[in-house]
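A.B. asks: Sequence:
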Amino acid sequence: MSILSASENESRELVSRLKNGDKTAFEQIYHLHKIALAANLLRILKSPEVVEDILQQLFMTLWETRQNIDPDRPIAAYLYRIGRNLATDIFRRALRDKNLRLQLLPSIARSYTHIEESIDEEENKSLLYSVLDKLPPKRRQVFVLCKIENKSYRDVGEMLDISENTVNDHIREANKFIKKHLT
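Take the sequence shown: its letters are residues 110 to 292, numbered as in the working numbering.
Hints listed in this document are in silico derivations from the structure and should not be mistaken for laboratory results.
These figures come from a predicted structure and were not determined experimentally.
Cβ coordinates follow ideal geometry from the N, Cα and C atoms, glycine included.
A couple of the hints might just be wrong.
As a list, the in silico PhoX-like pairs of lysine-lysine whose alpha-carbon atoms are at most 20 angstroms apart [claimed, not checked]:
| # | residue 1 | residue 2 |
| --- | --- | --- |
| 1 | Lys243 | Lys256 |
| 2 | Lys155 | Lys132 |
| 3 | Lys128 | Lys143 |
| 4 | Lys143 | Lys132 |
| 5 | Lys260 | Lys247 |
| 6 | Lys288 | Lys234 |
| 7 | Lys256 | Lys289 |
| 8 | Lys289 | Lys234 |
| 9 | Lys247 | Lys288 |
| 10 | Lys285 | Lys243 |
| 11 | Lys256 | Lys234 |
| 12 | Lys243 | Lys289 |
| 13 | Lys289 | Lys260 |
| 14 | Lys285 | Lys247 |
| 15 | Lys256 | Lys288 |
| 16 | Lys155 | Lys143 |
Cβ pair distances, simulated, as ranges [claimed, not checked]:
| # | residue 1 | residue 2 | range |
| --- | --- | --- | --- |
| 17 | Thr275 | Leu151 | 48 to 56 angstroms |
| 18 | Leu204 | Asn233 | 32 to 40 angstroms |
| 19 | Glu119 | Leu237 | 38 to 46 angstroms |
Please work from the sequences and hints to get the whole structure.
C.D. replies: Structural data, given as structure tokens:
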């Protein structure tokens, strides 16, 4: 017998025991699936507090509807479907319930703010590199080595066989040029 079929048999047995009201089987299912379910719900709802409530409702629903479960079908799919339905219900309730909407909004806003910051950062990098492309080659090279790759003026001077003062001059002129073209 393969490991997969042994696992499937164990799962069937666990679900059959749950269906017959075995609380130990319920606890085992809870511990096997709660982390993955919480991660999935957090991805959807973006609020740890709401996810905690949904998980409680989900497992209460599992216990209350255990008689309807088919042991031959994967329990995980059943649990995910309950979770998705409860999350949908939360969004529907949020349309009508201002307090719930206010509870969900900050976490959703934080997630979108993070995305916006990433986009802004990428746009700024793109803009900076387009300005850097307009610098004379040696000045661009000095700027990239010092400011982007964080090399010291001394190291850059040695690498390019120029003095630290020349490196400093290139950086000063590059900064002026960049400020002029970015503002």
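A.B. asks: Now tell me if each hint is right for this structure.
C.D. replies: Tested hints:
no.: 1; hint: Lys243 <-> Lys256; result: holds, 17 angstroms
no.: 2; hint: Lys155 <-> Lys132; result: violated, 31 angstroms
no.: 3; hint: Lys128 <-> Lys143; result: holds, 19 angstroms
no.: 4; hint: Lys143 <-> Lys132; result: holds, 16 angstroms
no.: 5; hint: Lys260 <-> Lys247; result: holds, 15 angstroms
no.: 6; hint: Lys288 <-> Lys234; result: holds, 14 angstroms
no.: 7; hint: Lys256 <-> Lys289; result: holds, 18 angstroms
no.: 8; hint: Lys289 <-> Lys234; result: holds, 16 angstroms
no.: 9; hint: Lys247 <-> Lys288; result: holds, 18 angstroms
no.: 10; hint: Lys285 <-> Lys243; result: holds, 13 angstroms
no.: 11; hint: Lys256 <-> Lys234; result: holds, 13 angstroms
no.: 12; hint: Lys243 <-> Lys289; result: holds, 12 angstroms
no.: 13; hint: Lys289 <-> Lys260; result: violated, 24 angstroms
no.: 14; hint: Lys285 <-> Lys247; result: holds, 16 angstroms
no.: 15; hint: Lys256 <-> Lys288; result: holds, 14 angstroms
no.: 16; hint: Lys155 <-> Lys143; result: holds, 17 angstroms
no.: 17; hint: Thr275 <-> Leu151: 48 to 56 angstroms; result: holds, 53 angstroms
no.: 18; hint: Leu204 <-> Asn233: 32 to 40 angstroms; result: holds, 36 angstroms
no.: 19; hint: Glu119 <-> Leu237: 38 to 46 angstroms; result: violated, 56 angstroms
Violated hints, listed in ascending order, are 2, 13 and 19; each of the other numbered hints is respected by the structure.
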